[in-house]
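2 protein chains.
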Amino acid sequence: MSNGLIVSISGPSGVGKGTVIEKLREMFPDCRHSVSVTSRAPRGTEQDGVEYYFRTKEEFEDLIEKGEIIEYDQYVGNYYGTPLTPLLKMSRGGQDVLLDLTVPGSLALKEKFDDTVTIFLLPPSMEELRSRLSGRGTETEELVEKRMAQAKGEIEKAIHFDYVVTNREVQQAADEIAAIMKAENCRFRRSRDAVDTLLAQ
Amino acid sequence: MSNGLIVSISGPSGVGKGTVIEKLREMFPDCRHSVSVTSRAPRGTEQDGVEYYFRTKEEFEDLIEKGEIIEYDQYVGNYYGTPLTPLLKMSRGGQDVLLDLTVPGSLALKEKFDDTVTIFLLPPSMEELRSRLSGRGTETEELVEKRMAQAKGEIEKAIHFDYVVTNREVQQAADEIAAIMKAENCRFRRSRDAVDTLLAQ
Chain A
2 MSNGLIVSIS
12 GPSGVGKGTV
22 IEKLREMFPD
32 CRHSVSVTSR
42 APRGTEQDGV
52 EYYFRTKEEF
62 EDLIEKGEII
72 EYDQYVGNYY
82 GTPLTPLLKM
92 SRGGQDVLLD
102 LTVPGSLALK
112 EKFDDTVTIF
122 LLPPSMEELR
132 SRLSGRGTET
142 EELVEKRMAQ
152 AKGEIEKAIH
162 FDYVVTNREV
172 QQAADEIAAI
182 MKAENCRFRR
192 SRDAVDTLLA
202 Q
Chain B
2 MSNGLIVSIS
12 GPSGVGKGTV
22 IEKLREMFPD
32 CRHSVSVTSR
42 APRGTEQDGV
52 EYYFRTKEEF
62 EDLIEKGEII
72 EYDQYVGNYY
82 GTPLTPLLKM
92 SRGGQDVLLD
102 LTVPGSLALK
112 EKFDDTVTIF
122 LLPPSMEELR
132 SRLSGRGTET
142 EELVEKRMAQ
152 AKGEIEKAIH
162 FDYVVTNREV
172 QQAADEIAAI
182 MKAENCRFRR
192 SRDAVDTLLA
202 Q
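In order, the protein sequences belong to chains A and B.
Residue numbers 2 to 202, in this note's numbering, belong to the letters of the first sequence in order.
Residue numbers 2 to 202, in this note's numbering, belong to the letters of the second sequence in order.
Hints in this document: simulated from the structure, not taken from any laboratory.
Honestly, I wouldn't trust all of these hints.
[What the hints assert, rightly or not] Computed beta-carbon distance windows for the label pairs:
1. B:Thr141 <-> A:Glu170: 54 to 64 Å
2. A:Asn186 <-> B:Lys153: 16 to 26 Å
3. B:Thr57 <-> A:Ile160: 44 to 54 Å
4. B:Lys90 <-> A:Gly95: 38 to 48 Å
5. A:Asp115 <-> B:Thr46: 51 to 61 Å
6. A:Asp49 <-> B:Ser3: 43 to 53 Å
7. B:Ser3 <-> A:Met28: 18 to 28 Å
8. B:Asp49 <-> A:Ala150: 50 to 60 Å
Small disclaimer: the values here were computed from a predicted structure and weren't measured.
Yeah, the Cβ is synthetic: ideal placement off N, Cα and C, and Gly gets one too.
Just chain A, same shape as in the assembly:
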């Protein structure tokens, strides 16, 4: 059995990444996502490995130390992060995994696991990005300017990604990402088994 794809999608705030990924999850219901690891205590019926992997603060810091955390953040004193090993296990089990990571997160994952397919989602124009950021209505003019500057810095990192997809329209962007996933499954290194099987006949 060949490995599943690990596909990581990043893009600047306001590019519409969440909506595109939601559309892709509808199109590929069998595609897995990553379960985050956290140092906060489980609540109610939350189960380890389902909602989150629950670890102590010390265990989490140990995971960071070992390079097991692709990216993490702290929120009200607790760590939240994306662990590497469960992704590799899902892929080795033949399951495709679709990830929503920050720009540095995608690059860190690619560095740890070169076979990751990294996709950068671009806005159709900077003007459109600004209008999407302002349109949320929740951001001050100052915050919009800050996000625009941040977006520019992130777009400069697109050079390190395998693919760039412009999000003109949700379905078009999702279709392009679906084509990338289909094509990546045809890459020789992932279809080697098909060739070996024929040659053994």
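Following the hints, complete the assembly by docking chain B onto the known chain A.
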């Protein structure tokens, strides 16, 4: 404007390459193909650069010498070949080009022009390939055996191709190649312009 794709499809005799390429030409009517160069004289209303590029035998041999011919064959004393420069011109003009080349032809083109997208078309099984070859009804048992041995040698070369696509059914194979073309157009190195344009805004 970004360059057009140069996509080269190869596969063993009997794999159904002609039918798949015909289907792709229906799906992508704007996709160009290569015009062969020949040392035979033009017939009737044939025009240079339309049916063929017409060259003298000496000119053809000079083109071979210069590495301008990707692959060629001789037939009743005349040369027939695929010239390199017109492909590169079409690609630089933004046009996608779809080529039907032999296995060594695809590999030679990839060597000369690394940006070529090479696709190897596989049969679903060796048994199916044999049945397609016998089914033509025009080949002796001996010839079928010869083609099967040749096919095996060619399939061993699939390792040097970017993608492998199994031709279980014409539409499925054409759809996979269409996805590869769509994905290749999203590769960072081909979408660099989109990124540069945004950053200049």
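Hint check:
Our hint of 54 to 64 Å for Thr141 (chain B) and Glu170 (chain A) holds, since their Cβ atoms are close to 56 Å apart. For Asn186 (chain A) paired with Lys153 (chain B), a C-beta distance near 24 Å keeps the hint of 16 to 26 Å intact. For Thr57 (chain B) and Ile160 (chain A), the hinted distance range of 44 to 54 Å is satisfied, since their beta carbons lie about 48 Å from each other. A beta carbon spacing of about 44 Å between Lys90 (chain B) and Gly95 (chain A) agrees with the range 38 to 48 Å that was offered as a hint.
Checked against the given bound of 51 to 61 Å, the beta carbons of Asp115 (chain A) and Thr46 (chain B), roughly 55 Å apart, stay inside it. Remark: the range hint 43 to 53 Å for Asp49 (chain A) to Ser3 (chain B) is upheld by a beta-carbon distance near 48 Å. The hinted range of 18 to 28 Å is satisfied by Ser3 (chain B) and Met28 (chain A), whose Cβ atoms lie roughly 27 Å apart. The supplied range of 50 to 60 Å is met by Asp49 (chain B) and Ala150 (chain A), whose beta-carbon atoms lie about 57 Å from each other.
Violated hints are absent here; each numbered hint is respected by the structure.
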